[in-house]
Amino acid sequence: MNILTFDIEEWFHLLDNASTRTEAEWSRYETRIYHNMDRIFQLLEDTKSRATFFCLGWVADKHPEIIRRIDAAGYEVATHSYAHQLAYEQTPKEFQADLERSIKHLQDLTGKKVRSYRAPGFSIKEYNRWVFPVLLEQGIEIDCSVFSARRSHGGDASLNMFEPGYLNIGGSLLKEFPINTAPVFGQDLIFSGGGYFRLFPYRVIKGLVGRSKYVMTYFHPRDFDPGQPMIPGLNRARQFKSYYGLESCLPKLQRLLLDFPFVDLAEADRQVDWSTVIRRDVRV
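So for the sequence shown, the UniProt record's numbering puts the first residue at 1; every next one is plus one.
Among the hints, a few may not be true.
[Said to hold, decoys possible] For each label pair, taking beta carbons as the anchor points, the in silico distance ranges come out as:
| # | residue 1 | residue 2 | range |
| --- | --- | --- | --- |
| 1 | K113 | F240 | 34 to 42 Å |
| 2 | K112 | N168 | 21 to 29 Å |
| 3 | G233 | E163 | 33 to 41 Å |
| 4 | K113 | A73 | 14 to 22 Å |
| 5 | T276 | G170 | 19 to 27 Å |
| 6 | K48 | R283 | 37 to 45 Å |
| 7 | K62 | T276 | 40 to 48 Å |
| 8 | E30 | G170 | 44 to 52 Å |
| 9 | Y34 | F240 | 24 to 32 Å |
| 10 | T91 | L136 | 13 to 21 Å |
| 11 | Q42 | G207 | 22 to 30 Å |
[As the list claims (entries may be wrong)] DSBU-like, lysine-lysine: derived pairs with alpha carbons at most 35 Å apart:
| # | residue 1 | residue 2 |
| --- | --- | --- |
| 12 | K241 | K48 |
| 13 | K112 | K125 |
| 14 | K213 | K241 |
| 15 | K93 | K104 |
| 16 | K62 | K112 |
| 17 | K112 | K213 |
| 18 | K213 | K113 |
| 19 | K252 | K206 |
| 20 | K62 | K125 |
| 21 | K93 | K241 |
| 22 | K48 | K206 |
| 23 | K93 | K112 |
| 24 | K104 | K125 |
| 25 | K48 | K112 |
| 26 | K48 | K104 |
| 27 | K113 | K48 |
Hints in this document: simulated from the structure, not taken from any laboratory. Since we're looking at a predicted model, the values are computed, not measured. Quick reminder that beta carbons are idealized off the backbone N, C-alpha and C, glycines included.
Work the whole structure out from these sequences, hints included.
Structure representation (structure tokens):
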């Protein structure tokens, strides 16, 4: 099962960086999301692909026509929070307010229930699992935030989830579609989105997808924008991670979508036999 998803945010929505931390900084940057979304829409049309779009409520607020266009094309709209803040830096009350605000904006624009969520930066760790009951309280049925490996902005390896399953939160069940990993050079790496997808040659990506029974992708509009300016304040490692491979990312993804079948999250949910999946008891 290969799942195609996009996190819909602006090119300057980089986490844990002083010059892009909050809405107050975002007003300094140019708008590039329209042209980058055109690239994504054309890619999906050319490859006849379906995808789920995890959208920021902020994008829905500032650029509602983007959300309307996603919905009008028949693609699934999910939430990626409102203000793209790290979940573990928020209090439960702040997180709930942000999530509720995001869901309201998206549902008001589409007239459809928002069922699915992904945390910015996959920022759910062992100590902020209180996120999960908040998701259930807000009507979220599917989460795509679990990242069972070490990473800079999140990761909860103790959950040990690499394929769809249930999170059991005090007797309430939340469907989880986690990020997958693969052993590369002796390490479990995430190749299905972000920096490693842009870094690896296509033959490596194709080989990893070909031997994986479950792949959860995640791409951003900025991943396909080689002309974007350099964001100030990034160290050399962040510059490399954020800007390397931008020119090759779109053709690489196009080849992948032509070489392998991909589905959106809604179809993946229908295909999973939920009576047989693993259940992880989650203490919050």
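Results for each hint:
At about 40 Å, the CB distance of K113 to F240 agrees with the hint of 34 to 42 Å. With their beta carbons about 27 Å apart, K112 and N168 fall inside the hinted range of 21 to 29 Å. For the pair G233 and E163, the beta carbons lie near 37 Å from each other, so the given range of 33 to 41 Å is met. The hint said 14 to 22 Å for the Cβ distance between K113 and A73, and at roughly 18 Å that hint holds.
Under the hint 19 to 27 Å, the C-beta atoms of T276 and G170, about 23 Å apart, fit the expected range. In this structure the supplied range 37 to 45 Å holds for K48 paired with R283, their Cβ-Cβ distance being about 43 Å. Evaluation of the 40 to 48 Å hint for K62 and T276 yields a pass: the beta carbon distance comes to about 43 Å. Distance hint for E30 and G170: a CB-CB separation of about 46 Å, consistent with the stated range 44 to 52 Å.
Between Y34 and F240 the CB atoms are about 27 Å apart, so this pair conforms to the stated range of 24 to 32 Å. For the pair T91 and L136, the supplied restraint of 13 to 21 Å holds, since their beta-carbon distance comes to about 18 Å. Here the CB-CB span from Q42 to G207 is close to 27 Å, well matched to the stated 22 to 30 Å. Straight-line distance between C-alpha atoms of K241 and K48 comes to about 30 Å, which keeps the hinted pair within the 35 Å bound.
Between K112 and K125 the alpha-carbon distance is near 30 Å, which keeps this suggested pair within the 35 Å criterion. As the CA atoms of K213 and K241 are separated by approximately 27 Å, the hinted pair is consistent with the 35 Å bound. At most 35 Å may separate the alpha-carbon atoms for a hinted pair to count; K93 and K104 meet this at roughly 17 Å. Taken as a hint, the K62 and K112 pair is honoured in the structure, with Cα atoms around 19 Å apart against an allowance of 35 Å.
Distance restraint check for K112 and K213: the Cα-Cα separation of roughly 31 Å lies within the 35 Å cut-off, and the hinted pair is therefore satisfied. The hinted pair formed by K213 and K113 meets the criterion: a straight-line CA distance of about 29 Å does not exceed 35 Å. With a C-alpha separation of about 10 Å, the suggested pairing of K252 with K206 holds against the 35 Å cut-off. Our distance criterion of 35 Å between C-alpha atoms is met by K62 and K125, whose separation comes to about 30 Å.
Under the criterion of a C-alpha separation no larger than 35 Å, the hint pairing K93 with K241 is consistent with the structure, at around 32 Å. Distance hint between K48 and K206 is fulfilled; the C-alpha atoms sit about 19 Å from each other, no more than 35 Å. With a C-alpha separation of about 25 Å, the suggested pair K93 and K112 falls inside the 35 Å cut-off, and the hint holds. With a CA separation close to 26 Å, the supplied pair K104 and K125 stays within the 35 Å bound.
At most 35 Å may separate the alpha-carbon atoms for a hinted pair to count; K48 and K112 meet this at roughly 23 Å. Proposed proximity of K48 and K104 is supported: the alpha carbons are some 30 Å apart, at most 35 Å. Only pairs whose Cα atoms come within 35 Å are accepted, and K113 paired with K48 is accepted, the gap being roughly 25 Å.
In terms of the numbered hints stated before, the structure departs from none.
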